[in-house]
Amino acid sequence: MAPKNATASSSRVATNLKTINGKAGPSTILKNKNKKRAVQEVSEDEDDDFASVGSGIDMSDDEEVEEGEENEDEEAFPEFDSEIEDEVDQADEGDSESEELDDEEESGSESGYNSSDIEAMYDEEEDNENEDEEYSPLTSPSSSHKELSTDEKLSKLIAKNSIKPDESLGTDAKISKAKEGVGKLVPSKFVEGGYKREYEDYEAGYGSESSTEDNPNTVGNIPMEWYDDLPHIGYDVNGRKIFRPAQGDELDKFLSNTEDPAAWTSAEDRLLQQSVQLSDKELDIIRRLERAENPDADYDPYQPTIEWFTGEGNERVMPLSAAPEPKRRFVPSKWEHKKIMKIVKAIREGRIIPNKPSATKPTVYQIWSDSDQANLEHAMYMPAPQLPPPKTIESYNPPEEYLLNEEEQKEWEEAEKEDRKIDFLPSKYDSLRLVPGYKNLVQEKFERCLDLYLAPRTRKVKLNIDPESLIPKLPSPKELKPFPLATSVLYRHPENSRVRSVDTSPDGTFVATGSEDGIVRVWDLGNGREIWKWNLQSGAIQHIAWSPYKDESLLIALVAGKIAVLSPLALVAPSIAANTLNHVNTAFASSAATTKMGSGKEIKGTELIKWVRPNEKERERGVLVFIEVPGTPKQISWHRKGDYFATVASDASNKSVLIHQLSKHATQSPFKKLPGQVQKVLFHPLKPHFFVATQRYIRQYDLSSQTLIKTLQSGVKWISSLDLHNKGDNLIIGSYDKKLAWFDLDLSNKPYKTLRYHTKALRSVVYHPSLPLFASASDDGTIHIFHCTIYQDLMQNPLIVPLKILRGHKVTDGIGVLDLSWVNGKPWLVSSGSDGEVRLWCS
Amino acid sequence: MADINIESTGSTSATGSVVQLPINLFTRSTNDAIPQSTYLIPASWRRFQLSELINKVLQNNSDNGKKPIPFEFLINGQVLRGSLENWSKKNRGNDEETTIDIEYVRSTLPPQEVGRIEVEDWVSGLSLSRKGYTLLSSYLSHLQILPLSSASTSSTALYTLPLPTSLGATSCTWVSPQSQEKDILLAAGGIDRLTHVFSIPSLSPEDNIQLPKEIYTLHGHTQPISTIISSKSGKEIISGSWDGLLNLYTLPNSEPNEHQISSEPLNFLTGQGNKKKRKLEKENPREPIEGLMDNDSTGEGGWRRIPEINFKGHLGRIGGSVWDKFDQEKIWSAGWDGSVRGWDLNTGINSMIRQGPFDKSALCIDQFTANGTLVTGNMDRTICLWDTRQATSLISLTLQTSSPIPSIKTHPTSSFTLASATYSGIIQIWDIRSPKNSLFSVSNVNRKERKVTKNGKVLGERLLALDWDGEVLIAGGEDGEVGIWNATGA
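Line by line, the protein sequences are chains E and U. Just so we're aligned: 803 in my numbering is position 803 of the first sequence, and the numbers increase by one with no gaps anywhere. If you count the second sequence from 1, you need to add 1000 to reach my numbering.
These are calculated hints, taken from the structure and not from any lab test. Model, not experiment: these values are computed from the prediction. Glycine residues also receive a C-beta, built at the ideal position from the N, C-alpha and C atoms.
Going by beta-carbon spacing under 8 Å, a handful of chain U positions derived as facing chain E:
| # | residue |
| --- | --- |
| 1 | W1122 |
| 2 | I1191 |
| 3 | Q1223 |
| 4 | L1363 |
| 5 | M1379 |
| 6 | P1404 |
| 7 | P1406 |
| 8 | L1464 |
Lysine to any residue pairs mimicking SDA-like chemistry, simulated, CA-CA at most 20 Å apart:
| # | chain 1 | residue 1 | chain 2 | residue 2 |
| --- | --- | --- | --- | --- |
| 9 | E | K478 | U | P1357 |
| 10 | U | K1131 | U | T1156 |
| 11 | U | K1454 | E | P494 |
| 12 | U | K1454 | E | I519 |
| 13 | E | K804 | U | S1402 |
| 14 | E | K810 | U | S1424 |
| 15 | E | K533 | U | T1453 |
| 16 | E | K550 | U | L1315 |
| 17 | E | K478 | U | S1402 |
| 18 | U | K1451 | E | N496 |
| 19 | E | K533 | U | G1456 |
Input sequences plus hints: build the corresponding full structure.
Below you can see the structure in the form of structure tokens.
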């Protein structure tokens, strides 16, 4: 313990550390000791305890002091600390293993040292002595020490008191260590009463039997015959010549061989030119080498294995991966089950009979007795494909025309084997007995066998399915009449201005069209006469829609920045006109102002929305209200009761969807934030639901609870139009990527069917308000009419039957049919095209 | 003699390689009937030879002082055009054994166009009820009476009667019977939901002392008028409208001196200025609703009258109506709901309903004078014959056309011939014994190359109105012209 403590504490003081570094000897000894102590941890602990017990009675007190001292240490030499430790590291280089131990010991030793009591110190020294005694067999011989004389003790005491306690600790220890038998104090000759330390000759305890150690000749590794002519054979350490030892003659050699019993165990040392007696150890090594054993006597090839990772208590607790145990570890194997069931089946069918007594073969039987019977066909027996029968050319005596002439023969011979048309040379023999053996026989048979072996033959089970039966059975269009077939009426627009929107009035008498010349026209559905028109003079009419409420005659037209509420007052009965006016104008009456702001306080920017009363002349013509809105509204959707309507203006950011109420002249923006660029909106025909179609998704909102009910994933790239079936359970959308998707709202949020039959983008899809029909219009100039039966039985899928392709609209500027509208109660369809034509298609 | 002739031809054919076909000739008219027998006729014979044959059998030659009658031959509802051989090859596959049944009818000459009258706007209604004059109504919102002479291509109108609003007139009819020469009444229905009855002093130009005037304004419809008919006596007018009602108005014998109902508001401005407006209205009650473009129609309104009876039954627009040709107490109407209904005028009861398919919207109706069969022109491009005398029958015959039939007219005497106008601009004359294709069809290709009317309405080829009195046929429509043809039917 003491020497260890000494090193540890010495590391604290730089000066002493230097001395240690200077003297490599002690430090190495200490290191050795450390190593040994590392092996004997247990005993060391005991030592620690012992030391602590010895250092003081009250442990706690000691600790306190220790803490204080440590603190002091740190305060006093904060920088040193690290440096010193570094240096210690350097000193202990390669001894990283023992470092930790060093630290531990440090603390232990400190606890031992921290008592400033001298006696304790002495005790410790005694301890050290004891320890040394204990460890004596392990220590090198040089570490043996002698009893200190009283004089020495005295001088040590003086030295101790003359140094500051902190510093002294290490020094002390060092001194004590140095004193402790490494050298001995002798009275100095120069200083009266002084002592001088005399050290014993140091013997480096390498512990090796290297012959260089005791080899006095230092000539080095040179051929010794160079000294053959010289009287000496080399030089010793001090440079003096080593003279050739006397060489006995052959007789002497013989005598020594015969007389000296140890002569045969000697060998000649060439450097010293004399025979050296081999030690027992060396002889043992030789003996081991002879027996091809490990020369090291200490090596134990049969030492017990140390189980680091296996065996009881060494199981790996930490799994290698965090993945949970797969299910297959717990469930019975399916494959095994299959295999077993196969066997079970075979047993049931009688193909395998368990515990069948093996058929006893008669000891003597005829091998060929059943060879004349045909082979029973195995279930998997498959005859090899037959070779073609021999032809005339293969005959031994073929007609002349089959024989090759010389050129052909030459050609045949020159050709590659694979390129030959026939793989033999036809030849003619006069008689069968002249025919030689066929030399390719073996090769051909081999190839045939190889073919049969390499080409696996299986019985193919052919599916005999009539492709016709795979086509779903749809009723023929003839059974599904009536549906639109041909153009009956044209609603002619002047100068072929593009008609963006068309709508038929709910009673089926009027057709309203909105064209790009900014005029809303009302037509007689039956004969195509324009009977009313409004010139809104604000650019193209984007969309128009009749109010679905039959007791009023209201039409809404969308132009840039404006919504116009129109009514063909002169065309309708006075009672209906009065209803209409009452409905639309009451809000004006309640507030005297001709302009009313929209009442959407919570949304910023809704104050821009104004309900403006048109001038008298316009009102006389049936323009009832203008609603000024941000952006260009593109689509309008009426609520079924005809009081609310929603508009979409894609370019009006968060105010793109607006819901207007006619009776109150109120506008609200239902969405604070929109889920994307809104394409179309739609009111549910029966429930208070609201559909919002963005580019790819359709969201269904509940207006009463203001919640999102579901999001439909269309699977198309850009929705252009949508319509809801009058029962409210089915929805169709058209897309600019040529697709039409049918959603069953009860079924899934993915399309029930996606139809792709148009060659260009779809512009409009519309359900018939009462008949089981829907139509889609596309930029390819065609309108497709479909039949759709929606069954009351929820389990039955809707029946969709394509009925008719209506052609007639011309494609202009890449745009075909723009809008569709069914005539209420009739299987008639009104379509508007970019060619400026609006057509009525009748059954 | 005829027999000899046939035999001689037969013998020649026997010697040569001429194919002979066995035929049966029959007819439905009693006058032209020939004895039933099977003839062997050379296959190369055409209509003319067959007609000659029948005339010979009937002995219609100059010896008897009778003119030969041209006949038309129908085989299986198809008019024979070309030789018998061709027909046989086409339809029978050269089966020369089976007897061919050939019906023969008196031939009508194809219509000859004799003139065209240019009108400023679409023609909506035409009437030839009064011999020598054409009554037409147009979407320019007026009635015109034109003298009908063979060279009346550019004749000026005798009368032009404007309607009070410029929304347009949809139909017109003569009200007064043809015998009445003075104070003739005529009526027009308009998109303004009113029927306007006008009175003109006389048709002879020298009597134009009194100005024509609107004498009655018939209220009662909530939607535009689609059809007007008047009784033979000229005392009753029935109007049909888009609202599905038929209204019977009885005209008083002498001019009344009070309105039956108050006037409709002509102005729909509400709010504070309303009372002022009403005051203004009282001072100047005839301020017209500003119509489309033009302001030229400011006719005075007549005495407002209300209907005597409402005939309610049709579920959609009334397409057309016709007074029963036999029973003055009965009218027929056809509607967009696909039904044909008969109404009893005295009781107002819907005495007969024939409900066809709901999409067979009828645009017009007429009745054959001979047998009372009703014929309708429909939106689904068919002409349907309704035999109303048999209780079970619905549609007895359907003639397929290429486009909707807005107007149809039966021959005044024949029970087989009718004329129809189509939306594709073609006038067809049908013999219902030949239902597969029409006897003649003429189109209004001769029309002038006008694109737009004065008030900005686009012109097209569509025909909207047609009338036929058995000799003269007139038709007009979207083309802004009235074409006049000489067309005689059997």
